[in-house]
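So the sequences go chain by chain: A and B. According to the working numbering, the first sequence is numbered sequentially starting from 1. According to the working numbering, the second sequence is numbered sequentially starting from 1.
It cannot be assumed that every hint is accurate.
Unchecked claim - With a straight-line cut-off of 30 Å between C-alpha atoms, the simulated DSSO-like cross-links for lysine-lysine are:
1) Lys39(A) with Lys168(B)
2) Lys39(A) with Lys146(A)
3) Lys118(B) with Lys146(A)
Everything labelled a hint here was simulated from the structure, so no lab data went into it.
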Amino acid sequence: MADHAKDPTAQDEHQLADTPPRHPLPATHDHHDPSFWRKYIFSTDHKVIGIQYALTSLLFLFFGFCLVMVMRWQLAFPGEALPLIGSFFGESRMPGGVMLPEFYNQLGAMHGTIMVFLGIVPLAVGAFGNYVVPLQIGAPDMAFPKLNMASYWVYFLGGVVMLSSFFVPAGAAKAGWTSYPPLANIETMGQTMWLLGMVFLITSSLLGAVNFLTTIIQLRADGLSFMRLPFFVWAQFVTSFLLLLAFPPLEVAAIFQLMDRLADTSFFMPSGLVISGEALDVSGGGSPLLWQHLFWFLAHPEVYVLILPAMGIVAEIIANNTRKPLWGYRAVVYSTIFLGFMSFIVWAHHMFITGMGTSISTFFQITTMIISVPSVVILSALFLSLWGGSIRFTTPMLFALAFLPMFGIGGLTGLPLGLAPTDIPLHDTYYVIGHFHYVVAPGTIMALFAGIYYWFPKITGRKMNDRLGRVHFWGSLIFMNGIFFPMFIQGLAGVSRRLYDGGSIYELAAPVLHYNEFMSMCAWLLAIAQIPFFINFIMSIKKGEKVSDNVWEATTLEWAAAPSPPVAHGNFETIPRVYRGPYEYSVPDHDTDFLPQNQP
Amino acid sequence: MDIPYTVSVRPDTGVYNAKLGIWLFIASEVMLFGGLFSAYVFLRTGAPVWPGMMGGEMYVRASDILSVPMATLNTMVLIASSVTMVMAWASLMMDDFGKFRRYMSLTILLSFVFLIVKGFEYNAKFSHGLYPSESTFLAIYFTLTGLHAIHVIGGIIVNSYLLGPGSKLWKTKPKQFTNRIEIAGLYWHFVDLVWIFLFPTIYLL
């Protein structure tokens with residue numbers, strides 16, 4: 001494969017295509033490097049932007065995790081002073097180290113917002129999508145490099161606004177990550193900051209979605225038809241459609257809520273609203289349900305934005321490490337497209353207890369049951385791919401394998417929530433929290449870790465340490481389950497979410513409250529389990545084992561983009577030609593057990 | 001390495017990158033205004049009387065409180081600006097840069113006329129104490145038309161850039177410049193189209 005790239009005629013073509021250079025091309029043998037700022041901060045190279053996204057979103061993930069670790073103290077030991085660090089939070093948040101309810105609510109709302117909108121989506125789409133998609137489709141860059149840079153910086157600004165909301169009077173948003181009115185409408189200034197931050201984040205993902213879709217449709221290499229795309233690219237493709245079409249209604253909702261808060265309109269304020277015994281001075285006539293419809297119209301597709309890129313990563317790693325083609329590639333692709341369409345008509349299954357009517361509930365129960373079918377097809381195909389494979393238990397493969405049962409638990413526990421009769425008693429309990437955390441934490445986050453271990457050699461030219469990787473893997477897997485599994489038990493017992501004292505004032509919660517201490521211990525141990533990852537990540541950049549350009553003996557095009565990392569602004573010496581599907585592993589009558597897509 | 005299909009058309013998809021990009025952007029905008037119109041329907045079906053009580057008086061028709069003649073004038077102005085926008089692009093296709101400048105100036109002028117008329121309408125409401133906080137009808141009226149006006153302003157900024165400093169590209173890369181006008185045109189027609197839906201929905205129905 002490397003021989004092919006150094007074909008002499010190909011070299012000539014490359015030089016012809018390169019003239020005249022618009023920027024000083026930072027090729028490997030070129031000494032006219034752009035300045036530090038252009039190269040690392042305001043770069044238009046998709047690989048640099050991908051790394052910017054990755055580092056920023058990893059920091060936000062860690063920050064969001066810190067918020068919940070503080071919350072877990074209050075849940076495990078309600079009303080007790082937080083030792084050592086409690087006094088750092090100040091008298092307005094934790095007087096004497098004891099958490100105030102208002103601060104608890106800030107932590108809860110911001111944990112959800114930061115994890116979803118500033119952590120996982122930017123990591124799954126912004127980072128992995130940016131770095132890997134152009135390489136996998138054999139493109140020199142994204143279709144609109146400047147837009148790509150803008151989308152990162154708008155995301156960054158959104159993050160700054162969200163973080164700074166902790167420091168405005170009365171602190172950050174306290175109405176939960178769903179920001180339901182009328183509560184959110186009468187909230188303090190932090191809620192306005194939250195809305196402004198969301199407008200930035202929505203704009204960023206809009207720019208990103210347009211860019212990804214155009215790139216995938218327009219910049220595929222010769223011979224790379226849609227049915228030859230690696231599944232990861234398909235997953236990003238459908239995800240981008242969801243971002244493009246689902247986010248605008250949330251923008252509408254955010255604008256309405258801003259109007260309600262700043263211009264005293266009543267979009268979400270019903271007539272005759274009384275708060276603390278006083279009638280509210282608004283014109284009324286609005287509807288809190290309107291917010292829920294607009295919010296969930298985004299937030300249900302958002303679930304698939306969280307999970308599809310993870311499935312894409314897992315599919316790549318499983319095909320590569322089982323040394324056989326992905327089972328049922330076409331079925332998986334069609335299921336993904338169908339899933340994308342269906343995700344737009346299931347949103348009101350989050351709203352069964354709002355009293356919107358049984359006939360509407362019936363419709364959304366049916367669509368919800370239908371959408372579980374393609375999810376099961378994808379997961380089954382990934383499981384069946386393991387059948388008869390000679391599995392290589394590499395570090396990324398361990399994480400990818402763990403994804404399957406963990407996402408399975410998350411998905412299956414969602415079924416009772418999709419049917420009104422079973423949802424009504426479970427609604428707003430810890431069962432719901434357990435369900436979506438299983439999908440997103442041991443599900444998506446495990447897959448994202450898998451992706452980091454898998455593509456790290458492409459990004460740095462070095463492999464991450466396997467021993468530390470294994471410690472990180474087992475620690476993460478065990479402690480994540482330790483946190484989230486008891487939530488199902490608590491939820492089934494009827495413990496409500498968003499309780500400042502963890503439910504200790506409710507008698508019915510008493511038999512299951514002892515789990516809180518165990519879950520909190522697991523949360524803090526999970527943080528400790530991330531230390532090997534942190535060390536591994538930092539050390540491997542400079543000291544990791546140097547590996548070949550195609551260390552995993554993979555077939556997809558990103559591994560043909562040699563050296564590692566691929567050259568800035570261009571990726572390939574010559575744009576490769578594609579001759580076959582993405583997962584031609586163990587083809588009979590060949591010397592090697594893999595046939596790269598670009599090998600004639 | 002240059003990015004392919006920035007100017008020329010990719011044979012199997014039949015478009016250049018930016019044209020696909022603007023269509024995707026418009027799809028997203030359709031969802032934005034789709035959400036706004038849905039909210040309008042939702043609020044209106046939930047209201048006992050529409051538009052309802054405003055400034056102590058009961059209204060049963062939107063045309064009693066909003067100025068239909070002014071909005072009709074504005075509809076004409078926007079449609080005319082769409083026509084001049086197409087003419088600006090067509091002039092470039094026929095290699096006539098001078099004509100392009102005239103048509104583009106006219107488009108921008110008409111956009112300003114639209115905003116000025118809109119400003120008079122808003123002012124008439126404000127001077128009677130009719131603010132968005134007065135009723136749900138006025139809230140959605142100001143939000144919808146306000147967001148549309150922001151889109152008009154966005155169009156003015158893009159078109160002014162293309163008429164002014166952006167037009168230098170014509171000398172070096174005429175094809176790419178013509179593409180840019182086409183794309184700005186697609187956006188502008190969309191803004192026009194939104195108004196054509198907005199006008200009957202809010203003023204007449």
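Status of each hint after checking the structure:
1. Lys39(A) with Lys168(B): Since the Cα atoms of Lys39(A) and Lys168(B) sit roughly 28 Å apart, the hinted pair holds (cutoff 30 Å).
2. Lys39(A) with Lys146(A): holds, 13 Å
3. Lys118(B) with Lys146(A): violated, 34 Å
Checked against the numbered hints given earlier, the structure breaks only hint 3 and satisfies all the rest.
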